[in-house]
Each structure stands twice: as C-alpha cells, then as structure tokens.
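K.L.:
One-letter residues, chain by chain:
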Amino acid sequence: MSQVFGAVFAPGFFASTQVQVAVVVGTMVAVVASAVGVFTVIRGQSFAGEALGDIGTTGGSGAFLVGAGPLWGFLAISIVAAAAMELIGIQRPRGRDLATGIVLGAGLGLAALLLYFDATYHNKTGATVTILFGSIFLIPSSTLPLVVLLSAIVLAIVAVLYRPLLLSSMSTELAAARGIPVRPVGALYLLALAIAVALASVTIGTILSTALLVGPAAAALRLTRRPATAMLAAALIGIGAMWLGIVLAYDSYDWPPIHDGWPVSFFVVTIIFVLYLLAGVPGLWRARQRRRADATTGGPLIAERR
Amino acid sequence: MINAWTEATIVAVVAGVVGFFTVLRGSAFVAHAVPNGSFAGAAGASLLGINTIVGLGVFSLLGALGIGVLGRRGRHDVVTALALVFMLGLGALFLKLSAESEPEIYSLLFGQVLGISNTEIAPTAALAVVCVAVIAVLYRPLMLSSVLAEAGEARGVSRFRMELCFLVVVALATTMTVPVVGTLLIFSLMIGVPAAARSFTDRPAPAIALSVAIALVTVWLAIALSYTTNYPVGFFVGTISAFSYALGRAWAAWRRSRTAGVPTAEPEVAGSGT
Numbered sequence: 019m020s021q022v023f024g025a026v027f028a029p030g031f032f033a034s035t036q037v038q039v040a041v042v043v044g045t046m047v048a049v050v051a052s053a054v055g056v057f058t059v060i061r062g063q064s065f066a067g068e069a070l071g072d073i074g075t076t077g078g079s080g081a082f083l084v085g086a087g088p089l090w091g092f093l094a095i096s097i098v099a100a101a102a103m104e105l106i107g108i109q110r111p112r113g114r115d116l117a118t119g120i121v122l123g124a125g126l127g128l129a130a131l132l133l134y135f136d137a138t139y140h141n142k143t144g145a146t147v148t149i150l151f152g153s154i155f156l157i158p159s160s161t162l163p164l165v166v167l168l169s170a171i172v173l174a175i176v177a178v179l180y181r182p183l184l185l186s187s188m189s190t191e192l193a194a195a196r197g198i199p200v201r202p203v204g205a206l207y208l209l210a211l212a213i214a215v216a217l218a219s220v221t222i223g224t225i226l227s228t229a230l231l232v233g234p235a236a237a238a239l240r241l242t243r244r245p246a247t248a249m250l251a252a253a254l255i256g257i258g259a260m261w262l263g264i265v266l267a268y269d270s271y272d273w274p275p276i277h278d279g280w281p282v283s284f285f286v287v288t289i290i291f292v293l294y295l296l297a298g299v300p301g302l303w304r305a306r307q308r309r310r311a312d313a314t315t316g317g318p319l320i321a322e323r324r
Numbered sequence: 108m109i110n111a112w113t114e115a116t117i118v119a120v121v122a123g124v125v126g127f128f129t130v131l132r133g134s135a136f137v138a139h140a141v142p143n144g145s146f147a148g149a150a151g152a153s154l155l156g157i158n159t160i161v162g163l164g165v166f167s168l169l170g171a172l173g174i175g176v177l178g179r180r181g182r183h184d185v186v187t188a189l190a191l192v193f194m195l196g197l198g199a200l201f202l203k204l205s206a207e208s209e210p211e212i213y214s215l216l217f218g219q220v221l222g223i224s225n226t227e228i229a230p231t232a233a234l235a236v237v238c239v240a241v242i243a244v245l246y247r248p249l250m251l252s253s254v255l256a257e258a259g260e261a262r263g264v265s266r267f268r269m270e271l272c273f274l275v276v277v278a279l280a281t282t283m284t285v286p287v288v289g290t291l292l293i294f295s296l297m298i299g300v301p302a303a304a305r306s307f308t309d310r311p312a313p314a315i316a317l318s319v320a321i322a323l324v325t326v327w328l329a330i331a332l333s334y335t336t337n338y339p340v341g342f343f344v345g346t347i348s349a350f351s352y353a354l355g356r357a358w359a360a361w362r363r364s365r366t367a368g369v370p371t372a373e374p375e376v377a378g379s380g381t
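Respectively, the protein sequence lines represent chains A and B.
If you want this note's numbering, it's the 1-based position in the first sequence plus 18.
If you want this note's numbering, it's the 1-based position in the second sequence plus 107.
Hints in this document: simulated from the structure, not taken from any laboratory.
Careful, some of the hints might be misleading.
Derived DEER-like restraints, expressed as beta-carbon distance ranges [what the hints assert, rightly or not]:
hint, chain 1, residue 1, chain 2, residue 2, range
1, B, 265, A, 302, 45 to 51 Å
2, B, 310, A, 139, 24 to 30 Å
3, A, 305, B, 261, 22 to 28 Å
4, B, 265, A, 87, 33 to 39 Å
5, B, 176, A, 244, 25 to 31 Å
All residues carry an ideal CB built from backbone N, CA and C; glycine is no exception.
Construct the entire structure; sequences and hints are all you get.
P.N.:
As structure tokens, then:
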C-alpha cells in the first residue's frame, strides 16, 4: 500500500508549501469556475470567457508596467472589457460572437504594445509567458486572502442571481414575460464571469482558466440536465482534474527529457479534454439505442444536440 | 521593407475575403481559436527542428477539422474552447521541452512583419491564391449555407461539408498569416474589418470589396506607423481595426436616424442592430 502511495506521490509532495498553496488555490478556482461555467455553457458564452482571459494579458502587462500586482491589472481590464462587450451587444444571440471578437481584437492590440513597453523599459522579458501560461507552483501565499475574497464575491453573485439568471439563460422571452430585468441580470452575470476569469487567469494562467471554466461544466451538462446537479458534478470534475494534474506535474520533475517538470496546464487540460469526450459516451449510446428503437417502431428520429 | 509591404498586402486581401464569411457565419471564435492553437504547432516544429510553417499548417488543419467533427455532436463554442485549450496545453509542453527563447514566442504571438525575407513571400502568395480560389469556387453554396442553412440543406448543400470547407480555408489562411501578423492579431483583421464593412453595405459583393479595401488601408497604415514609431505592428492593426468598426457602427446609426420613420426591411445582421 505504502509503495503504491510512494509511487503516486513523489517524495516531499505533502511537505512542499508551493504544493499546498497550489492545491488550495486550484480547488477554489475550480469551484468558482464550475459555478460560473455552467451558466457560461448554457448561455453559449464560452468565447467571452476565453476572450476575457486573453484580454487579461493586457491588464497583466499594464500592471507590470506601473508596478501594481498583476491581479489588479487583470481585474480592472476584465471588467472594462466585459462592459465593452455588453455595450457592443453581447446580449443579442447574433451579436454575441462579434461583440466578443471586436473587444478581443482591440484588447490584444493593446497587449502587444504594453508587452513591448515591458520588454523595452523594464527588461521584463518573462512577462509574456508568465501571463499566458501561468504557473500554479509560483503563487505567493500572500495572495490567498484576496483569492478567497474574490471567490466569495463571485459565488455570492451567482447565488443571488441563480433563479432569474437560469430562466433568462433558458428563454429570454419567458424571463421578460415574468418581469425579470433580463439585460441587467445578464450584465451582472458578465461581471461575475469577468471576476472569475481574472481570478483564474492570474493564478493558473489563461489556458487553464478557460479549460476549467468550460470543460467541467460542459462535461457535467452532458451527464445531467439539472443545473444544480451539473454545478456540483462540474466542481467535482474540476477539482479532480486539478488535483490529478498537480500530482502528475509534481511527479514529472523526475521525467525525461528535461527533468524540470512538465507544465501543470498540459496535464489538467488533457485530463479535462478526455473527461469531456468520455462524458459524451452515454449520450451517444442513448442516441444509438433510440435510433435502433426508432428503426423498429418507425418512430421519429430526433437529433439530440447538447 | 518592400517585403513587409508585399506580404502584408497579401495577408490583408485574404483576411478581408475570409473574414467576411467569418463574420457572416458568426465564426469569430473559430477564427480566434485556430490561429491561436496553431501556435502549439510552431512550438512543436521548433522542438522537432522542422519548418515552422509545416508545424503551423498541421496544427491549424488538425484543430479546424477537430472542431468541425466534434462540433457536430457537442455545443460548437464549447468544442472550440476545449480544442483551443488542448492545443495551447500541448504548446505549453512543447515550449517547456524545447526551452524556446522569449523573443521568439513574442514574435509568434504578435508577429514580425518587418523581418520578412524574400523567400517567405512565394509560399504565402501560393496559400493566398488557394484560399481565395476556394472561396471563389464555393462562393454561392457557402453564402447560402451561411445565411440560410436550412434552405441550403434543402437545395442539397450540406451544412456540415460547408462548415468543414470553411474551417479548412480558415486553417490555410492561418498558416500563411501567423508568421506575419502573429497568432493573436490575424484575428483583429478578420473580425473588426469585415464587421465594419458590413455596416456600410448589406450586399455581399460590395461588402467583400470594401472589407478588402479597409484591410489594405489598415495594414499599410499600421506598417507605416510602426516603422516611424517603432511600436509593434500588432498594436496598430488591432487599434485601427477596432476604430474602423466604431466608424461603421456610427455610420449605421447615423443612416438609421436619417431614415427613421421610413420602414426599412433591414435584415437582422450581427453588428448593425441597436
């Protein structure tokens, strides 16, 4: 038993402060991301979630420039970008894609300039990679209180908005008929998304932030249609992927060819991607059963899209 | 300098044409994900010591086809996001293994138009001709499938096949443009500019022509400004594209206020509504 244990967890895993901070932050981010992510997937705003993370690069590089903490830069720019998307028209189904795209394009242009300044005036050459790919093992434990606070804010917004947001995500017309202020609710949700994405990107990098936001939620929604159950399942999937990724990344310090550790983001993203594909199997199987049944009874063929 | 102008001109023409369909189909996320994810291909190519263009081409094609096939069963934006992060995760691994230097990553992400050599122009031009030719051949069915997918199906234009064709064109355009404007900024040319063009006219052919024209002006201005100020080209491309879109919206709003009261049969077009 202890041999298996020793093979899975490399020596020093539990003693390392970096690992402890990584596990705590990773768990919190996974929970927040799955709560927000279920709505992101239902509302079809994965692109916005991804774009906010990318645009965060702009804020991160700007913060490097003025010497502020990167989280503040991420936070400020994400909220500004979310407001711009809302103004251009992300709430209309057809404008969704375009509003996100325009803001993303402008934001990335600005990022190019700020990164150039970082490299020219501050000799901060590590900025690009740190911001884009992040590293969960490099989180200073001093950011923990802020991470907890922001997680609490996001979870509070989602909890307060839960019912109206769910209804307006399912059917705008129905929500409006029931007197729900659809646009303000959507805008508030976008704010929660912006904070969640900023929190996730600054701690674990933009790639992982998108993966945790969209992947577990989408996998969970393939398994169950109930939103609350989906949130729970998504959180479990997210946490599981995160923990497994951290363990593997820690173990990989002994792996060839570089003996310098493979990136955590690679492991977590791969695990999440595989889980998403696996979550599609039951649906595929059900669809096949139904097709077979339809073929024998001559019933209608309903294409299921989830 | 002449090389940069030639190259950027080719890129602008392709971005203008392909971008028009991207905006029409609402495929902005794909247009972002494929170039961005193909970055992993470039990192992988440098790890294996092969030509960057080959790596970019393989990854952008695989990414585009993967999105097309998986998107058939799942939610399209979810599949796109997951394909993107999966490719970027691979990219992070390749970078770590190959210990790529920082400036090279920066130039892959944000482009290096002023450092284009003579030999790089011919392949770009060839890919550009292929892209534009495919669009020209598929023009009518692609247009039909983009605007009225159901009517297209009824006429025997497979939505799925059109989607795959379009994705392959995006992948080809990506492969040729990434070394020039970078993975991140090809996107602003392919979205902001055509969206601006569409606010000036609803008819497709003039909109494509206008889109190409605005793209040309954008890259020419960006290169000139970048040359004089020494700031990155990407910054100017991104800013000018966004600015042209703002102008387009302002124009559309002004025209609507002038024709207010006259009932117009303006179709519900992304970006031209209130």
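K.L.:
Against this structure, judge whether each hint is valid.
P.N.:
Do the hints match the structure? See the list:
1. Separation of residue 265 of chain B from residue 302 of chain A is about 21 Å and departs from the stated range, judged on CB atoms against 45 to 51 Å.
2. Evaluation of the 24 to 30 Å hint for residue 310 of chain B and residue 139 of chain A yields a failure: the beta carbon distance comes to about 48 Å.
3. Distance hint check for residue 305 of chain A and residue 261 of chain B: the Cβ-Cβ separation is about 24 Å, which falls inside the suggested range of 22 to 28 Å.
4. Separated by about 52 Å at the C-beta atoms, residue 265 of chain B and residue 87 of chain A break the suggested range of 33 to 39 Å.
5. For the pair residue 176 of chain B and residue 244 of chain A, the supplied restraint of 25 to 31 Å holds, since their beta-carbon distance comes to about 29 Å.
Checked against the numbered hints given earlier, the structure breaks hints 1, 2, 4 and satisfies all the rest.
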